[in-house]
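Each protein sequence line maps, in turn, to chains A and B. Oh and the first sequence: position 132 is 161 in the working numbering, straight run, nothing missing. Oh and the second sequence: position 25 is 54 in the working numbering, straight run, nothing missing.
Mixed in with the good hints there might be a few duds.
A pair counts as met if it fits within one copy or between any two copies, since identical chains are not told apart.
[Said to hold, decoys possible] Below, computed lysine-lysine pairings styled on DSSO-like, alpha-carbon distance capped at 27 Å:
1. Lys163 <-> Lys103
2. Lys168 <-> Lys53
3. Lys119 <-> Lys163
4. Lys216 <-> Lys259
5. Lys163 <-> Lys106
6. Lys103 <-> Lys62
7. Lys103 <-> Lys216
8. Lys31 <-> Lys259
9. Lys239 <-> Lys53
10. Lys106 <-> Lys259
11. Lys168 <-> Lys62
12. Lys163 <-> Lys69
13. Lys119 <-> Lys106
14. Lys106 <-> Lys168
15. Lys239 <-> Lys106
16. Lys216 <-> Lys170
17. Lys62 <-> Lys195
For the record, the hints were derived by calculation from the structure and aren't laboratory data.
There are 2 protein chains.
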Amino acid sequence: MKRLKCIVAYDGSLFAGYQVQPEKRTVQSEIEKVLTQMHKRKITIYASGRTDAQVHAEGQVIHFDTDLNIPLNKWKKALNSMLPDDIVIKYVSEVDSEFHARFNVKAKEYRYYIDRQENRNPFTRYYAYHYPYKLDYMKMKEASHYLIGTHDFTSFCSAKTEVEDKVRTIYNIDLVEEGNQLVLTFKGNGFLYNMVRILVGTLLDVGQGKIDPVDIKAVLESKSRPLAGKTAPAEGLYLWQVFYDN
Amino acid sequence: MKRLKCIVAYDGSLFAGYQVQPEKRTVQSEIEKVLTQMHKRKITIYASGRTDAQVHAEGQVIHFDTDLNIPLNKWKKALNSMLPDDIVIKYVSEVDSEFHARFNVKAKEYRYYIDRQENRNPFTRYYAYHYPYKLDYMKMKEASHYLIGTHDFTSFCSAKTEVEDKVRTIYNIDLVEEGNQLVLTFKGNGFLYNMVRILVGTLLDVGQGKIDPVDIKAVLESKSRPLAGKTAPAEGLYLWQVFYDN
């Protein structure tokens, strides 16, 4: 028996999210269906974490155990030939049996794409948030400095968040212009439910002058979700990379 | 009564093409539906030409006549607020009553996007042709020199082409690498049915070494469709720009 780790990209547009749900098309169920067919018995995969409906991934990580006699360099092609067009396996490696795609995560990077053009862009309607309104990028950068570091992010997660401990560390927040798009990058040791989308919604409010950058400190301290900005829509969000030791 | 000219972009993925067809979702029928609703009577639009199912446009041009009392600078917003997400009006201008979007075309530019990455890319599956195989770009450029100019393009159009005169002039063919994509640009005074896609299929055969660049001359002279390459798939093709006098 060996354990394989895969880096997976998917277009979230036509999925009800990553995790298996009865009667719904999900990323996990599509991958498990292919593996189950190959193994002729039920195979369960484990991911670094869930992603919501319409959220994309460039670098989701999963692992599973297999006793099939397929050489390592044939796995990617075998899986991709059976998977639907909106999921692709980018990389397959063998890891030791202690590795766990979720429990061993050291850090995650998410990116959020914002289309800044005046006109709606029909080609990015599922892949970026169309936000043509004025934004003060300097104020957004200033606000992000108050978010970086170790904080209780209760104000920045959905009321539906189930975990008790809401303290997380954000290592870095970047704002980069790529053509007509503004790309916000968030790297941290972990993110709560809807946290990146609420961070984005809040930074957009700051950029619009609705929240003063320095008030972010008070929003964090309040531990009150309503003081932060709206939850930005799912289509702009990408799970970009998952980091493990070595 | 005034005549309006619009530059229109659309994502062709979910359309059965530009032109109205009974029971099918087409670009023309979606735009006419909106205009008919606004005018409370049937409005017909005229385009620079058709595009096939799944073919995209960055710069399709249409015109129509209106007696509505809407200021010119309000038209774009009015139309875009009623059109579906996969069609956007990029520009509206008033033209004189002699202007015709189809009959006055001086030149057209098409672009064809080819995804050169080894892995399928789930995000470009509807927007580029995945072709990870070896290509000799120098040979493709050499072949394109034989295609540029005024020729009878019978070998490079679908057998279904209805027009008699198959002589067209190609002004320019460009090959440009943009990141992981190869972009082929074709500018000419007009293109026959499936012509760009057959030119692309033929250039790919040249790049693969299946056709010698110098043999393109013989393919043109033969006036025989089977001697040219396959018709490249629709999803990589964009009607990029339509040129008129002034």
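Consistency of the hints with the structure:
1. Proximity of Lys163 and Lys103 under a CA criterion of 27 Å is satisfied inter-copy only: 20 Å between copies versus 50 Å inside one chain copy.
2. For the identical chains of this complex, Lys168 and Lys53 are neighbours neither inside a copy (41 Å) nor across copies (48 Å), given an alpha-carbon limit of 27 Å.
3. Taking identical chains as interchangeable, the C-alpha atoms of Lys119 and Lys163 lie at most 27 Å apart only when they sit on different chains, with a minimum of 20 Å there against 37 Å within one chain.
4. Proximity of Lys216 to Lys259 under the C-alpha cut-off of 27 Å is restricted to the intra-copy arrangement: shortest distance 20 Å within a copy versus 46 Å between copies.
5. For the identical chains of this complex, Lys163 and Lys106 are inter-copy neighbours only, at 18 Å across copies versus 45 Å inside a copy, given an alpha-carbon limit of 27 Å.
6. Taking identical chains as interchangeable, the C-alpha atoms of Lys103 and Lys62 lie at most 27 Å apart only when both belong to the same chain, with a minimum of 19 Å there against 51 Å between chains.
7. For the identical chains of this complex, Lys103 and Lys216 are neighbours neither inside a copy (32 Å) nor across copies (42 Å), given an alpha-carbon limit of 27 Å.
8. Taking CA atoms no more than 27 Å apart as the test, Lys31 paired with Lys259 passes in neither setting, with 44 Å inside one copy and 44 Å between copies.
9. Neither within a single protomer nor between protomers do Lys239 and Lys53 lie at most 27 Å apart by alpha-carbon distance, with minima of 38 Å and 45 Å respectively.
10. For a Cα distance limit of 27 Å, the shortest separation of Lys106 from Lys259 across copies, 25 Å, qualifies, whereas the shortest one inside one copy, 41 Å, does not.
11. Taking the closest pair of Cα atoms, Lys168 and Lys62 never come within 27 Å of each other, the shortest separation being 47 Å inside a single copy and 44 Å across copies.
12. Within a single copy, Lys163 and Lys69 get their C-alpha atoms no closer than 55 Å, and across copies no closer than 36 Å, so neither meets the 27 Å cut-off.
13. Within a single copy, Lys119 and Lys106 get their C-alpha atoms as close as 10 Å, which meets the 27 Å cut-off; across copies the closest is 41 Å, which misses it.
14. When the C-alpha separation of Lys106 and Lys168 is checked against a cutoff of 27 Å, the pair qualifies neither within a copy, at 46 Å, nor between copies, at 30 Å.
15. In this assembly of identical chains, Lys239 and Lys106 lie within 27 Å of each other by CA distance solely across copies; the values are 26 Å between and 50 Å within a copy.
16. Taking identical chains as interchangeable, the C-alpha atoms of Lys216 and Lys170 lie at most 27 Å apart only when both belong to the same chain, with a minimum of 15 Å there against 44 Å between chains.
17. Taking identical chains as interchangeable, the C-alpha atoms of Lys62 and Lys195 are never at most 27 Å apart, the minima being 34 Å within one chain and 51 Å between chains.
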